[in-house]
Structures are given as C-alpha cells and as structure tokens.
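Undergrad: Build out the structure end to end from the sequences listed, making use of the hints.
Each protein sequence line maps, in turn, to chains V and U. The opening residue of the first sequence carries number 1 in our numbering; numbering runs sequentially from there. The opening residue of the second sequence carries number 1 in our numbering; numbering runs sequentially from there.
Keep in mind that the hints were calculated from the coordinates and are not lab data. Yeah, the Cβ is synthetic: ideal placement off N, Cα and C, and Gly gets one too. Careful: at least some of the hints might be erroneous.
To be verified - With beta-carbon atoms standing in for the labels, derived distance ranges:
id	chain 1	residue 1	chain 2	residue 2	range
1	U	369	V	89	22 to 32 Å
2	V	127	U	157	36 to 46 Å
3	U	143	V	53	47 to 57 Å
4	U	176	V	53	16 to 26 Å
5	V	148	U	3	20 to 30 Å
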Amino acid sequence: MHNPADPADLSTDEVIREIRRGEIEAFRQIVVRYQGDVLRIVNAMLLDTSSREDLVQQIFVRAFQRIDQYELGRGFGKWLRAIARNQVREELRKRYRYQGRLEAYAQELMDQLEADEELLELEREWERRRALEECLEGLERGTNEVIRLHYVEGRQTDQIAKELGRTGGSVRTLLCRARGHLRKCLEAKGVLG
Amino acid sequence: MKRLEELTQKRLDGQLSTAEMLELNRLLERDPSAAAEYRALLQVEVALRNLDEKFDVADAVMAQIRADATATVPELPARRSKLILETWFDRWFLKLGVPVAAAAGLVIAFVLFQQASQPSAVPPPQRSVVQGAKVLRAGKLAATSQLIPKDHLLAESGHISRLTYEDKTQVRLSEGTRLIYQPAIEKVPSGSKCLELLEGRLAADVPKQPDGAPFILKTSHARATVRGTKFTLTQTPSQTRLEVEEGRVDFRRSRDGASVSVGKESFAITSEKGKLIVRPQRVRDGLLAFYTFEEGDGSLLIQDRSGSGAPLDLSLRKPGLFLSYGSATKLTEAIRKSGALTLEVWIEPTDATQTGPARILTLSGPGSRLNVMLAHGPDDKRQDTYLSRLRTSKDADGDDLRTPSRQAVTKLTHLVFTHTSEGASMLYINGRRVASESQPGSLGNWHGDDLKLALGGDPAQDRLWRGHFRLAAIYRRALSAKEVTRNFQSGAAQMAPIPPIR
Numbered sequence: 001m002h003n004p005a006d007p008a009d010l011s012t013d014e015v016i017r018e019i020r021r022g023e024i025e026a027f028r029q030i031v032v033r034y035q036g037d038v039l040r041i042v043n044a045m046l047l048d049t050s051s052r053e054d055l056v057q058q059i060f061v062r063a064f065q066r067i068d069q070y071e072l073g074r075g076f077g078k079w080l081r082a083i084a085r086n087q088v089r090e091e092l093r094k095r096y097r098y099q100g101r102l103e104a105y106a107q108e109l110m111d112q113l114e115a116d117e118e119l120l121e122l123e124r125e126w127e128r129r130r131a132l133e134e135c136l137e138g139l140e141r142g143t144n145e146v147i148r149l150h151y152v153e154g155r156q157t158d159q160i161a162k163e164l165g166r167t168g169g170s171v172r173t174l175l176c177r178a179r180g181h182l183r184k185c186l187e188a189k190g191v192l193g
Numbered sequence: 001m002k003r004l005e006e007l008t009q010k011r012l013d014g015q016l017s018t019a020e021m022l023e024l025n026r027l028l029e030r031d032p033s034a035a036a037e038y039r040a041l042l043q044v045e046v047a048l049r050n051l052d053e054k055f056d057v058a059d060a061v062m063a064q065i066r067a068d069a070t071a072t073v074p075e076l077p078a079r080r081s082k083l084i085l086e087t088w089f090d091r092w093f094l095k096l097g098v099p100v101a102a103a104a105g106l107v108i109a110f111v112l113f114q115q116a117s118q119p120s121a122v123p124p125p126q127r128s129v130v131q132g133a134k135v136l137r138a139g140k141l142a143a144t145s146q147l148i149p150k151d152h153l154l155a156e157s158g159h160i161s162r163l164t165y166e167d168k169t170q171v172r173l174s175e176g177t178r179l180i181y182q183p184a185i186e187k188v189p190s191g192s193k194c195l196e197l198l199e200g201r202l203a204a205d206v207p208k209q210p211d212g213a214p215f216i217l218k219t220s221h222a223r224a225t226v227r228g229t230k231f232t233l234t235q236t237p238s239q240t241r242l243e244v245e246e247g248r249v250d251f252r253r254s255r256d257g258a259s260v261s262v263g264k265e266s267f268a269i270t271s272e273k274g275k276l277i278v279r280p281q282r283v284r285d286g287l288l289a290f291y292t293f294e295e296g297d298g299s300l301l302i303q304d305r306s307g308s309g310a311p312l313d314l315s316l317r318k319p320g321l322f323l324s325y326g327s328a329t330k331l332t333e334a335i336r337k338s339g340a341l342t343l344e345v346w347i348e349p350t351d352a353t354q355t356g357p358a359r360i361l362t363l364s365g366p367g368s369r370l371n372v373m374l375a376h377g378p379d380d381k382r383q384d385t386y387l388s389r390l391r392t393s394k395d396a397d398g399d400d401l402r403t404p405s406r407q408a409v410t411k412l413t414h415l416v417f418t419h420t421s422e423g424a425s426m427l428y429i430n431g432r433r434v435a436s437e438s439q440p441g442s443l444g445n446w447h448g449d450d451l452k453l454a455l456g457g458d459p460a461q462d463r464l465w466r467g468h469f470r471l472a473a474i475y476r477r478a479l480s481a482k483e484v485t486r487n488f489q490s491g492a493a494q495m496a497p498i499p500p501i502r
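TA: Below is the structure:
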C-alpha cells in the first residue's frame with residue numbers, strides 16, 4: 001500500500017507524482033510553493049486588485065486539471081507560468097478589448113516579465129524590489145503607512161481614509177504623489193527599464 | 001504631466017471612463033515622453049503590488065478542486081442495484097400481499113394518466129455527461145455530471161463546457177450559455193435527444209441519428225431538427241441563428257411553422273417578427289480583420305471581430321474617420337508574407353461623385369506612406385468611379401486600378417479588391433468583376449510598423465469619404481471570384497463570424 005509522505009518534504013516532481021496517484025490534497029503544497037510567482041504575473045496586468053485573487057485561483061485550478069500534461073523533469077515552475085501567462089492574456093483580451101494602447105502597455109509589461117523570467121531568472125525583479133524597499137524608506141512616515149495599508153494589507157483607498165480620518169481624495173492624492181516620488185527614486189537607481 | 005498622472009491613477013484604480021480612456025490613449029500616442037512616464041508609473045505599481053506577502057489562495061483553490069472532484073457522482077454497480085431491488089421486493093411486495101399491490105397499481109395508473117394529459121419531459125435517449133457547467137435540478141445546484149430530464153445547465157466561465165452522449169454526439173457550450181436538457185416540449189419523438197437553448201451559443205458534432213429519432217434543438221424562435229451534422233446554434237433575445245458546417249439541418253420558425261433546409265456552409269436567421277433568411281456563410285479562411293457597423297450605431301469604438309490574432313480595434317477620431325489603435329502590424333506582416341490580399345467593404349456613399357481620391361479604406365502612415373487603399377473618385381476631378389492603389393516592388397508610389405465610370409451610386413454597394421501573389425489584381429462590385437489588371441512585383445517593400453488602418457479617410461491627409469459603412473473585412477489572401485460572390489450573397493447585415501467554441 002502506498003503511504004504518502006508529507007508533501008512539504010518532497011520535491012515538486014515528487015509532489016506531482018503523489019497528486020497523480022490520487023492524493024489531491026498534495027496539490028496544496030504546489031499552491032503554497034508557487035502562488036507568489038503566479039501573483040507576480042497577475043500583478044503585471046494591473047487589474048483592479050479585487051479580481052486578482054480569483055484569477056490566481058483559476059490559474060491553479062486549471063493547472064490541476066491539466067496536471068497529467070506536465071512532463072516530469074521539465075521544470076514545473078516554467079510550465080505553470082506558461083499556463084498563468086496564457087490565462088492572464090485571455091483575461092486581458094476580455095477586459096481591455098476596447099482599451100487599445102493601454103492594453104499594449106500592459107502586454108508590454110507582461111512580455112518584459114516573461115523576458116525577465118527566461119533570461120535573467122528573476123534577478124531584475126529582486127533588484128527592483130530591493131531598490132523599492134530602499135526608496136520606501138525615504139518616504140515620510142505617513143505616506144509609507146498609506147502605501148503599506150494599500151499594497152501590503154490590501155485595503156481600498158476609502159477604507160484607509162476612514163481608518164486614518166482623512167478624505168478618500170486626500171489618500172488618493174497622497175498615493176499619486178508617492179508613486180511619482182518612487183518612480184523618480186527607482187529611475188535614479190536604474191532599475192526601471 | 002499632471003493630467004497624465006490623474007488619468008494613470010484612475011486607470012490603476014479601474015475608474016477610467018470611455019472618454020478618459022480615449023484621452024489617455026491620445027496623450028500616449030502624441031507624446032513619447034508621456035508614454036515613457038506612463039510605462040514607468042506602471043512598473044512602479046507592479047513593484048508595489050508585489051510587496052503583498054500575505055496573499056494566500058491555497059484554501060480557496062483546494063476547496064474548488066475538492067468541489068470539482070465530488071461533482072462526478074460514481075455510478076452504482078449493476079449488481080448492487082439488483083440487490084436493492086430484490087430486497088425491496090422481498091420486504092414489501094411479498095409480505096403485504098396482493099391487496100396492497102392492487103392498490104399500488106391503481107395509484108400508478110392514476111399518476112400515468114395525469115402525466116399523459118400534460119407535455120412530459122422527454123426521456124433521456126442515452127446516458128449523457130456534462131463537464132464544466134453548473135447543473136440546476138429543480139432549481140437547486142446539483143453536484144453531478146450525470147443528467148436527467150429537465151436539468152438546467154449553465155456553462156461557466158473559465159471552463160470547457162461540454163455535453164457528451166453515449167453515441168459520441170458532442171455539444172460544446174460557449175461561456176454563459178443556458179439550456180435545458182430533455183425539456184418538456186411537445187412533438188419530440190421517443191428516443192430523440194432534445195435540448196432547449198435559452199441563451200447563448202452551442203456548437204454540436206452529431207453522428208448519424210437513428211431513423212425517426214432526430215436530435216431536436218429548440219429556441220424561443222425556432223426548432224432545428226438534426227439527423228447527423230456539424231453546426232452552431234446561437235440564441236439572443238432578438239433572434240436565433242443556425243450555421244451549418246457539414247450536412248443539412250431542418251430549421252423551422254416557431255411562429256408560423258415556416259421551414260427551410262439549411263445546407264453546408266450556409267446560415268439561417270429568424271426572429272420573433274422578422275423574415276426567415278437562409279444565406280451562404282461568409283468566407284473565413286485567411287480573414288485578418290472584420291468590422292461591422294450596425295445601423296444607427298454611433299459607437300466610438302469598432303471592434304475587430306475576426307478572431308484572428310490580437311484584435312485591431314478602430315476608434316472614431318473625427319466624424320467619418322475611423323482609425324486603428326496602434327499600428328496595423330498584424331495586417332502588414334501577414335500580407336507582406338503572403339504577397340496577396342483582399343479588401344472588402346459594404347458601403348453606402350452619400351454622394352455618387354467624390355474627389356481626392358476620397359479614402360474608403362487605407363493602410364497608410366505619416367508622410368504620405370501608403371501600402372494599399374480603396375478609394376472613390378480619382379485625384380482632383382469629381383467622378384463616380386472606385387479605385388484601388390497598391391504599393392509593390394515594381395511601383396513604390398502605388399499602382400492604380402479603376403472601375404469604369406458610373407459604378408458608384410448612392411445605394412448599398414459591395415466593393416472588393418483582390419490581389420494574388422502572382423500579381424493579378426481585380427475589383428468587384430456587387431459580386432461582379434468590373435476591372436482587372438496585372439500589378440507585378442512583390443509586396444516585400446511594404447512599409448512597416450507605424451502604418452495604421454483607416455476607414456473613411458487618411459490619417460495624415462484627411463481626404464474624407466462621404467458615406468456610411470456597413471461592413472469591412474481584410475484577408476491575407478486573394479478571394480476567388482466564387483468566394484467574392486459568396487460574400488456578396490451573404491449580405492451586409494452580418495453577425496460577427498463566430499470563433500470556434502473550445
């Protein structure tokens with residue numbers, strides 16, 4: 001009789017073998033390991049943040065449905081990212097069908113991300129992230145707090161306004177200024193391409 | 001730059017109106033520094049969104065996977081069914097005796113009589129399994145893929161929705177399609193498969209059905225009777241459309257019973273009050289871009305509904321001039337590669353004589369650069385002719401081909417220009433060839449990336465054409481005379497070509 005091991009101790013390909021044997025619960029380990037990667041791809045399309053969770057979920061469900069198509073040893077992360085990119089493109093086509101150039105820029109970001117992954121193995125992404133953290137330290141404390149609430153805690157601007165006793169408009173203005181400042185800071189560090 | 005920041009902020013918050021979207025597009029197109037600024041702001045936003053480390057969808061994903069896994073209810077093995085039946089028989093029928101059986105018989109007879117007096121649900125002809133669709137049974141969501149009569153199906157987004165019968169009949173449902181499996185409708189022969197399409201679109205591949213038991217599809221406007229074929233059925237609130245790919249389908253209008261037999265590569269449309277129309281389907285092979293302009297449609301945006309590559313949508317830049325968003329690279333590249341093309345329009349000129357030539361359709365860019373155009377009236381003299389101009393390696397300024405005079409009239413007109421890779425160019429009006437010429441040379445010298453598709457004028461020089469568009473299509477190959485006739489017979493009033501359902 002087959003005794004499934006703790007999926008956390010297995011390599012990704014071993015986890016996939018478990019799933020194919022019928023251990024559906026082992027797929028949780030796949031989600032835990034790869035949801036950050038998939039989220040970064042979804043973030044690149046810049047949808048409203050409320051819908052990205054659904055999209056990431058759909059991507060993993062699709063990967064589960066096609067798990068038999070993955071060839072062991074060929075790099076699961078790469079295979080999953082291809083599914084994610086296809087699904088994101090499908091969503092982009094659906095949502096930004098009317099938005100012409102705006103779609104083109106989102107697509108450009110996607111392509112750049114793809115190039116980053118394939119050629120630079122995420123180094124650029126991490127470089128940008130380190131630079132961003134340094135730039136965030138340079139912001140005023142209040143501004144930094146708004147950024148944290150919005151991007152790390154996932155709060156909407158109106159919720160933040162309520163919590164901080166501000167108006168929604170002033171929070172949006174503050175965010176807008178912060179983005180401008182961060183852009184200049186990141187450009188100065190040479191990580192925007 | 002302040003306005004750019006405002007618009008970008010709204011874009012990121014998903015709050016851009018259509019007018020603001022167009023404004024942002026214009027800003028980005030006109031000002032390279034604005035475009036660079038916009039790109040940088042998007043990158044900052046992505047980097048900020050990637051800060052979220054609390055994001056966790058594992059529970060949600062696993063819940064959905066478990067739900068999908070339990071949606072397939074295992075069948076009871078035949079042996080077990082038999083045992084259950086035997087047990088029931090032993091316990092109740094034999095022990096309680098004949099009087100109870102007689103009473104039960106009377107009850108059953110009464111129920112059968114009641115059912116016979118009403119339209120009944122058509123019994124399932126064979127076992128049928130559905131994938132990727134919600135099943136509603138008696139108004140409640142049922143976690144099953146095995147169907148019983150009167151089940152309602154709703155094709156979900158993000159899934160391949162498919163209904164499969166034992167005889168390998170396959171019915172694929174597009175997203176959002178709703179239908180009833182074996183509904184309670186009249187005049188359905190026993191053993192027939194039957195679906196009632198409430199909304200949406202389905203494509204079916206049906207092997208030959210048994211004699212006297214055809215596959216029946218009902219909509220609110222019509223009924224299609226299928227004996228074995230491939231077809232697509234679309235139901236909207238206003239009309240039902242049947243497109244037949246192979247074989248033949250009987251199509252009957254519900255209102256008055258008028259019927260037609262729809263053959264291969266034809267379509268039929270009927271509506272509550274309208275005519276029952278059968279026409280050939282438009283040619284799809286090689287289609288690169290496709291636009292329809294509904295009557296009275298004042299839209300700012302005209303969608304490319306070709307389903308080929310990335311859509312090349314058009315926006316209304318000024319009265320009468322539609323211009324593609326971004327460059328028409330998908331057209332220039334495909335046509336340059338094939339060395340052949342077709343430009344097709346259904347138009348209604350406001351004036352029979354025009355000058356300029358007035359541009360009907362052009363693939364052109366800044367500095368009078370032009371790859372191809374269809375126009376009305378030559379140069380500076382008002383005339384009632386149409387012409388095409390094509391840039392080739394032998395004639396970089398564009399070689400003209402003209403129709404005889406008096407061809408342009410203020411009526412709905414089908415105008416087509418074709419050019420083969422061997423250099424044969426032709427103009428057709430209303431399905432009839434009216435001009436032809438050899439235009440030798442390749443299309444390898446076509447201008448590249450910054451050219452746009454324009455309808456009704458030239459993006460750089462105006463040369464506005466006066467009239468109304470009903471349809472425009474561009475192909476990567478030269479349609480044959482027979483195909484041009486087929487598109488003419490198909491008519492100007494078209495629904496978008498239907499991309500295949502997965």
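Undergrad: Each hint needs a verdict: does it hold in this structure or not?
TA: These are the hints, each one checked on the structure:
Checked against the hint of 22 to 32 Å, the C-beta distance between residue 369 of chain U and residue 89 of chain V comes to roughly 31 Å, which is consistent with it. For residue 127 of chain V paired with residue 157 of chain U, a C-beta distance near 37 Å keeps the hint of 36 to 46 Å intact. Roughly 24 Å separates the CB atoms of residue 143 of chain U and residue 53 of chain V, a value that falls outside the hinted 47 to 57 Å. Under the hint 16 to 26 Å, the C-beta atoms of residue 176 of chain U and residue 53 of chain V, about 22 Å apart, fit the expected range.
The hinted range of 20 to 30 Å is satisfied by residue 148 of chain V and residue 3 of chain U, whose Cβ atoms lie roughly 28 Å apart.
Violated hint for the displayed structure: number 3, the only one.
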